[in-house]
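Following the hints, complete the assembly by docking chain B onto the known chain A.
Top line first, the protein sequences correspond to chains A and B. First residue of the first sequence? That's 1 in UniProt numbering, and the numbers climb one at a time after it. First residue of the second sequence? That's 1 in UniProt numbering, and the numbers climb one at a time after it.
No lab work stands behind these hints: they were computed from the structure. Since the model is a prediction, treat every value here as computed from it, not as a measurement. You can take every hint at face value.
Looking from chain A toward chain B, a few residues come up when the C-beta cut is under 7 Å (computed):
#, residue
1, 5
2, 14
3, 18
4, 305
DSS-like mimics (lysine-lysine), calculated; alpha carbons at most 25 Å apart, straight line:
#, chain 1, residue 1, chain 2, residue 2
5, B, 387, A, 70
6, B, 198, B, 216
7, A, 6, B, 16
8, B, 394, B, 430
9, B, 16, A, 16
10, B, 360, A, 16
11, B, 394, B, 436
12, B, 7, B, 399
13, B, 387, A, 16
14, A, 6, A, 16
15, B, 429, A, 296
16, A, 6, B, 323
17, B, 360, A, 6
18, B, 360, B, 16
19, A, 296, B, 399
20, A, 69, B, 387
21, B, 360, A, 69
If you want the footprint, here are the derived chain B segments under chain A, 3+ residues with CB under 8 Å:
#, stretch
22, 247–260
23, 332–339
24, 361–372
25, 375–382
26, 397–403
27, 422–434
By construction, the Cβ of each residue, glycine as well, lies at the ideal position given by its N, Cα and C atoms.
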Amino acid sequence: MSDLLKVSSSPHVRAKDDTSRIMLYVILALMPTTVFGIFNFGYRALLLVLVCIFTCVISEWLFEKAVGKKSTIGDLSAAVTGLLLALNLPFTLPVWQAVLGSIFAIVVVKMLFGGLGQNFMNPALGGRAFLVISFAATMTHFEYDGVAGATPLALLKSGEAVNTLDMLIGRTGGTIGETSAICILIGAIILILLGVIDLIIPGVYIVSFAIFVCVFGGHGFDTSYLVAHLCGGGLMLGAFFMATDYVTSPITPAGKVIFGICLGVLTGIFRIFGNSAEGVSFAIIFSNLLVPLIEKVTVPRAFGVVRERKPKEVKADE
Amino acid sequence: MGLRTFKGGVHPYDGKAISKEKPIKELKPQGEMVYPLSQHIGAPATAIVAVGDTVLRGQKIADAGGFVSAPIFASVSGTVKAIEPRRVATGDMVNSIIIESDGKFIETGFEACDDYTELSDDQIISKIQNAGIVGMGGAGFPTHVKLSPNKPENIEFIIANCAECEPYLTSDYRSMVEEPEKLITGMKIILQLFPKAKGLLGIEDNKSDVIASLSKLCEHEPRIEVVPLMTKYPQGGERQLIKACTGREINSKMLPADAGCIVDNVATINAVYTAVVEGKPVMDRIFTVTGDSVMEPRNFRICIGTSCKEILEAAGGYIHEPKKIISGGPMMGFALLDVDVPTTKTSGALLCLSEDEVSKYETTACINCGRCVDACPENLIPSRLSKFADHGDKETFEKWYGLECIECGSCSFACPARKPLAQSIKTMKKMVLADKRKK
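Just chain A, same shape as in the assembly (with noise of 0.2 Å):
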């Protein structure tokens, strides 16, 4: 009988939550938004979506058959980079661009430097990068309603009014998944509910950048024009979505808080200073660069470990 016993380290008990379930949460948050935008732009947003899915999963699975590794497709997140990639495009993307921009995603951004855990910038956004260089046009043109047009955070960078109202509801041209912020927040509020992820990140990343926008931004302090910034573009589905990827922020409490405010801060520039209206992709970009030497200098005092050699205090009166 005894032959038959296991022996391990302790613990000899686990928490539910395994890496692909923890994915599931994630594209479950994300349903509010991708429903969303399938409605608002129609069957070609479907196609999209799934397009990029089918992509990301099939360049994981054949990349790792090439190099003769165990395949890792059943951890699906190679299932989130890719709708959360289709979110961040247009709808009127031919889909050859987004299966080109799928593969970069999840072939170099990805796979080369390891696989998951491993790659240093968020694949999605790496994917969408390389489409918005490679294939300008096509990535920055908006319709809605079938009428081709400016989207609101570029009406706002010119001077126009915008509608505040139709931004928080998503009744605007935009990327697939960006465009509805209270959809945005329902999965966020459901990533949270789900122990997914905190609001450290994301919050201090909105306030720092609001912020940012009140002293720079050359309005002052004026509500509808911050709330058009805060709803505007990517800046909702960024925060919640893709600041907080696990992989490419700080694992210090402290490194995601400094994580945050570059975030804001460097959305801040871009959107405000630069050419143009966008900025949250390459503040998230920017940041995950920026996140080994983030850490580096976060690392966390131990419980009950005294900062500036106190201890020798304490020896002097014995």
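This is chain B only, laid out in the frame that chain A set:
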């Protein structure tokens, strides 16, 4: 009422319902008893009996091997059969005294004490030392050493660790339900050593009945206070308990006494009572046999030295074959190779599980999710520490406070990639500490 606690920790399935309502039952062992000579921290005890000697229950069979050590007593009457290495729960072979019980349990005389308040401090300490009391919660640190700090006048709190935060264990709970007066009196005896100190009973709020009954018993004890704590693992970790009860923090280089505290487990304080008032050495302890594989999960008062196998048989054996048997709780206990190992002063439970969930899971890549960071009661970054450990990077491991790890296992529990974080950190810690000793 805000419940006191610490930062971090996890909430594993607690499994206490299985054995919580089972009253303590006396278990009289048959046959062979094994007494490992090293069942405490410090020098092993030295045998003072020889093969063929007849011994009585309560007779000293091994002397302390130094100041930081403890004597060992026979818990049955019988004949010394052998003195040889035997396998213990941790898997090590330890030199042990083997006694064949005669089944009569004839005791040596014990000198009871009618009024402990008349004893001097030295008398109390020597009674504790001569009774072989060690930390019975698992650590096994000799209690008389703990109760003789460098500066006794600086001790402000005596904390009774009544948290019992390990899942499944119910031995401390049963003892607080059935014999709370031992705990209270034991605490009063220790408080007598430290006139300025206050006694705190730190109890998790999943034992609300005990919180209520002990609070009632302490109504007229101005120096003892019940502190309800949040139910969270590892609430009973020494540093976490001190933090929750007093707000003070200590690190791996400090002793609780440096923060004005002394922490003792329920079973240890009960043993202090038994030693000082009844004059009896450590011979028995309360022990939980539980898990979904056990026919009749129970709490026993066992004679220390009884084989786990015999205890299991007394609990009716198995319902179905267990895949994993653990000495202790599921978070910090040792998985056993074989159930035929002796119980010692520090064994509190035997847990038999019909499934070994750990071996079912496959380890995947770390996704940097930070759940280990949230879980760590020591404010460490376990995922990184384990990476440094895997790379053999001792320097960075220490810089990131790897040596502060208390080995509670919360990080491994929480990890969604099912990485054995605690295991690699523990191993690395041992290597770093071994290096330090060499220098």
